[in-house]
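Listed below, chain by chain, are the residues.
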Amino acid sequence: MERELARERTLLRRKVSVAAVLTVLVMVSSLPHMLGSGHHSFLPFWFTSPWTQLILTTPVLFWCGRDFFTGAVSAFRRHFADMNTLVAAGTGIAYLTSLFTTLFPQVLIAEGLPADVYYETVAVILTLVLLGRLLEARARGQTSEAIRRLLQLQPPSARVLRDGQPVEIPVSMVVVGDLVQVRPGEKIPVDGEVSEGSSWVEESMLTGEPTPVAKATGDAVIGASMNRSGSFTFRVSRVGADTVLAQIVELVRQAQSSRTQVQRLADQVVGWFVPVVIALAIAAFVVWFLISGNPVLAMLFLVSVLVIACPCALGLATPTSIMVASGKGAENGLIFRSAEALETAGKLRTIVLDKTGTLTRGQPEVTDFARLAGGVLPADTLLALTAALESRSEHPLAEAITTYARSQLKGGALPALEGFEAVAGRGVQGLIAGQQVRVGTPRWFEELGIDTAAIQPLVERLEAAACSVAAVVVDGRIEACFGVADPLKSSSAAAVAGLRRLGLQVVMLSGDAKRTAEVVAAQVGIERVIAEVRPADKASVIRKLQEQGEGPVAMVGDGINDAPALAQADVGIAMGTGTDVAIAASDITLISGNLAGVPAAIELSRAAMANIRQNLFFAFAYNVAGIPIAAGLLFPLTGWLLSPMIAGAAMAFSSVSVVSNALRLRNFRPAHLPLPTT
Amino acid sequence: MQILAAAAPLWRTIDQPLALKGLVAMVGLLLIAWQLWWFLGRQGGGVAARQSEAGLQEITILVDGGYAPSRIKVKAGQPMRLAFHRVDPSSCLAQVIFPDFHKSLDLPLDATTSLELPPTKAGVYPFHCGMNMVRGVLEVE
Numbered sequence: 001m002e003r004e005l006a007r008e009r010t011l012l013r014r015k016v017s018v019a020a021v022l023t024v025l026v027m028v029s030s031l032p033h034m035l036g037s038g039h040h041s042f043l044p045f046w047f048t049s050p051w052t053q054l055i056l057t058t059p060v061l062f063w064c065g066r067d068f069f070t071g072a073v074s075a076f077r078r079h080f081a082d083m084n085t086l087v088a089a090g091t092g093i094a095y096l097t098s099l100f101t102t103l104f105p106q107v108l109i110a111e112g113l114p115a116d117v118y119y120e121t122v123a124v125i126l127t128l129v130l131l132g133r134l135l136e137a138r139a140r141g142q143t144s145e146a147i148r149r150l151l152q153l154q155p156p157s158a159r160v161l162r163d164g165q166p167v168e169i170p171v172s173m174v175v176v177g178d179l180v181q182v183r184p185g186e187k188i189p190v191d192g193e194v195s196e197g198s199s200w201v202e203e204s205m206l207t208g209e210p211t212p213v214a215k216a217t218g219d220a221v222i223g224a225s226m227n228r229s230g231s232f233t234f235r236v237s238r239v240g241a242d243t244v245l246a247q248i249v250e251l252v253r254q255a256q257s258s259r260t261q262v263q264r265l266a267d268q269v270v271g272w273f274v275p276v277v278i279a280l281a282i283a284a285f286v287v288w289f290l291i292s293g294n295p296v297l298a299m300l301f302l303v304s305v306l307v308i309a310c311p312c313a314l315g316l317a318t319p320t321s322i323m324v325a326s327g328k329g330a331e332n333g334l335i336f337r338s339a340e341a342l343e344t345a346g347k348l349r350t351i352v353l354d355k356t357g358t359l360t361r362g363q364p365e366v367t368d369f370a371r372l373a374g375g376v377l378p379a380d381t382l383l384a385l386t387a388a389l390e391s392r393s394e395h396p397l398a399e400a401i402t403t404y405a406r407s408q409l410k411g412g413a414l415p416a417l418e419g420f421e422a423v424a425g426r427g428v429q430g431l432i433a434g435q436q437v438r439v440g441t442p443r444w445f446e447e448l449g450i451d452t453a454a455i456q457p458l459v460e461r462l463e464a465a466a467c468s469v470a471a472v473v474v475d476g477r478i479e480a481c482f483g484v485a486d487p488l489k490s491s492s493a494a495a496v497a498g499l500r501r502l503g504l505q506v507v508m509l510s511g512d513a514k515r516t517a518e519v520v521a522a523q524v525g526i527e528r529v530i531a532e533v534r535p536a537d538k539a540s541v542i543r544k545l546q547e548q549g550e551g552p553v554a555m556v557g558d559g560i561n562d563a564p565a566l567a568q569a570d571v572g573i574a575m576g577t578g579t580d581v582a583i584a585a586s587d588i589t590l591i592s593g594n595l596a597g598v599p600a601a602i603e604l605s606r607a608a609m610a611n612i613r614q615n616l617f618f619a620f621a622y623n624v625a626g627i628p629i630a631a632g633l634l635f636p637l638t639g640w641l642l643s644p645m646i647a648g649a650a651m652a653f654s655s656v657s658v659v660s661n662a663l664r665l666r667n668f669r670p671a672h673l674p675l676p677t678t
Numbered sequence: 679m680q681i682l683a684a685a686a687p688l689w690r691t692i693d694q695p696l697a698l699k700g701l702v703a704m705v706g707l708l709l710i711a712w713q714l715w716w717f718l719g720r721q722g723g724g725v726a727a728r729q730s731e732a733g734l735q736e737i738t739i740l741v742d743g744g745y746a747p748s749r750i751k752v753k754a755g756q757p758m759r760l761a762f763h764r765v766d767p768s769s770c771l772a773q774v775i776f777p778d779f780h781k782s783l784d785l786p787l788d789a790t791t792s793l794e795l796p797p798t799k800a801g802v803y804p805f806h807c808g809m810n811m812v813r814g815v816l817e818v819e
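Chains as they are written, first to last, in the numbering used here: chain A, 1 to 678; chain B, 679 to 819.
These are computed hints drawn from the structure, not numbers from a lab. Heads up, some of the hints might be wrong.
Claimed, not checked - One side only, chain B facing chain A, incomplete, derived with CB under 10 Å:
# : residue
1 : R690
2 : L698
3 : V702
4 : A703
5 : S782
6 : H806
Unchecked claim - Between beta-carbon pairs, the in silico distance windows are:
#  : chain 1 : residue 1 : chain 2 : residue 2 : range
7  : A       : L96       : B       : G700      : 22 to 30 Å
8  : A       : W272      : B       : A800      : 21 to 29 Å
9  : A       : E193      : B       : D788      : 40 to 48 Å
10 : B       : L707      : A       : L103      : 26 to 34 Å
11 : A       : W63       : B       : Q756      : 45 to 53 Å
12 : B       : G801      : A       : T10       : 38 to 46 Å
13 : B       : E731      : A       : R183      : 48 to 56 Å
14 : A       : T10       : B       : Q756      : 42 to 50 Å
15 : A       : S172      : B       : Q756      : 33 to 41 Å
16 : A       : F104      : B       : V765      : 33 to 41 Å
17 : A       : V28       : B       : E736      : 52 to 60 Å
All of these numbers come straight from a predicted model, not from anything done at the bench. Glycine included, every Cβ here is placed at the ideal spot set by N, Cα and C.
Given the sequences, and given the hints that come with them, work out the whole structure.
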């Protein structure tokens, strides 16, 4: 495909060169006619003859401009009319008229008209349109540059261990389970898990995160990222189309082949555009013939209208901007799943941020463990009971408590547990050695009718420190409290500030107690908090916001637990972990866990939509203004008569300027994202 | 060069016989009507895909200045395979895009490339070339 395009471009370049040389000769040859009689002296007579011009123009038409005619004819047979139709009809008519004048000049002279030929018009139009096509092809090649660059990230070969010996093999031959060696300064060929050694790895080309990430045994590495300092061996987990890089490329491709709502309108216009232009051109001919009775003048208006119209600019207006913007997003670790996601993201009014894993690191740690004055069990027994119960739960808080309890106990077997039960959003319970043990939120115990007055001061103090509180209750008696804190990500506060600067209302959603959630929210600068929401209710919270007319609403979450809420939101934004882009349920995926990607995505969306609006406005305005001028509407007022050559030039450069404007998006720099230095 | 040539020798009024003026106007109007009908009128009702044994609906589309057929009829709720055979060298046609399916397909010259689409609800799904100039329609009914 690449080679085919390159070959075509070479041929196009050759045609432009040949056309340009011949056109200059034709123009020089036609100079005396343009300047009027009396200027013949400096050129030999034969050179200025219409026959010479005919000989010079014919190859421009039939070799350089051949594709316009073959394209127009085959499109015509299929009831299609496009760019080729307009160019072929315009230049064909001018050529045939000139040919008639060359063969039978006496017919015009008898009518009292000068026997002028318009070969130079034909040659100039074809040369300019071909040149425009060449420039456009070059510019369009640049719009898909981002994908090409992503594909080039993967190194061609990998050093695989075979029978303990490193062997260099092509990446395509690496299979899952292979052990691959990576040396400092080398690229990691495919996805896998470090099995030996450690290093710092730069993932900026995929995640947009500029800082290298430490990798040690058990850590996941992504193919195409750059190994900095150490050497290590990793076990291959994904190859080919399953790798993160391949998935990113696929997602970007999909986004680039989808379309926005605005494009639907443009598409409808493009559908009937060319036939309408042809109708207008014929109408211009008829009207001018009726007014002036001069067929040559009428023919020039006809040709001008045909060649000035540019349906291409309309067709290209949105897709080129979408191509460049989604590619630009991918460069920064922002993956848009569709053009609609790109379109809606810029219109957002409310943005809902999930607390755990989005604003915070999602790795809670126990900060406090307090036995109550009225408790009867010793600390070690309590920790053992708690660990036995919590180790069965998958809740992140439970994991933190288990880890803490085990580290305090320093080994030793945990007591046997019977009848384990998890109560969603409340806690867990079970029987250990005949005692009923519960670990959960103070609210749960209030609901169960257990007196929690004794722990209220402690709960208040912990919640004020942004800790979640878990109480331990044995046989209906409160024994101890854990304070668990989930540290904020360093990027959270700046990202929230960035979102507010963009004029969005920021809402924090959390399953935590109201007070804890409010403290966290205050730390990052969020005023509106919806707390004590159970996971299953997150989607209905989003729906309520939408019903209250606060939409479009975006939900930012981790993509796994929040899937229903992400789907309910107008734009679902999933925070990736850097190793798993399989979270394609979202409209936008941030490959890195950096929240700064959210305002950056919104800024990119706004920039892209502004660019599309500019393109569409330009394309519409150009055609709406250009066609009447070419049809001679201004002639009675101003005496302006647009030369068909100028019409051709305007047409050639209108689509080039649309594509060039879209390419300006390549310079987009989000204000809220530290960009990779590469 | 006559960039904005005002009343040069070209601008000359000639008295044409009324019959000729009427004829030109008539021919012009007929031409307008005919080309609008030719390009915009509904030409044919589209071509239905044929049913293969495996429940797959198949059709081959010739890419030559346009898509032939350009209006393809398929049944709802059944997977389909569209085979594009490209013979037109224009780079514009080197890609075909199905925006509603988020699919794009590169079409090498003088070769047949197939695209499989999942079962779909009834509706009209347009597709177009890489430059969005040449178009076709997939009618699912």
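Going through the hints against the structure:
Here the hint on R690/B is kept, as its CB sits about 6 Å from the closest CB of chain A, short of 10 Å. Residue-level restraint check for L698/B holds (minimum Cβ-Cβ distance to chain A is 8 Å; threshold 10 Å). Because the smallest distance between the Cβ of V702/B and any Cβ of chain A comes to about 5 Å, under 10 Å, the interface hint for this residue holds. The beta carbon of A703/B is positioned within 10 Å of a beta carbon in chain A (closest approach about 5 Å), and the interface hint is therefore held.
This hint holds: S782/B has a C-beta 4 Å from the nearest C-beta of chain A, less than the 10 Å allowed. Residue-level restraint check for H806/B holds (minimum Cβ-Cβ distance to chain A is 8 Å; threshold 10 Å). For L96/A and G700/B, the hinted distance range of 22 to 30 Å is satisfied, since their beta carbons lie about 24 Å from each other. Remark: the range hint 21 to 29 Å for W272/A to A800/B is upheld by a beta-carbon distance near 25 Å.
Separation of E193/A from D788/B is about 45 Å and conforms to the stated range, judged on CB atoms against 40 to 48 Å. At roughly 29 Å, the beta carbons of L707/B and L103/A sit within the given window of 26 to 34 Å. For W63/A paired with Q756/B, a C-beta distance near 48 Å keeps the hint of 45 to 53 Å intact. G801/B and T10/A have their C-beta atoms about 42 Å apart, which keeps the hinted 38 to 46 Å range intact.
For E731/B and R183/A, the Cβ-Cβ distance of about 54 Å falls inside the hinted range of 48 to 56 Å, so the restraint holds. For the hinted restraint 42 to 50 Å between T10/A and Q756/B, the CB-CB distance of approximately 44 Å keeps it satisfied. Roughly 34 Å separates the CB atoms of S172/A and Q756/B, a value that falls within the hinted 33 to 41 Å. Distance hint check for F104/A and V765/B: the Cβ-Cβ separation is about 40 Å, which falls inside the suggested range of 33 to 41 Å.
Distance hint check for V28/A and E736/B: the Cβ-Cβ separation is about 58 Å, which falls inside the suggested range of 52 to 60 Å.
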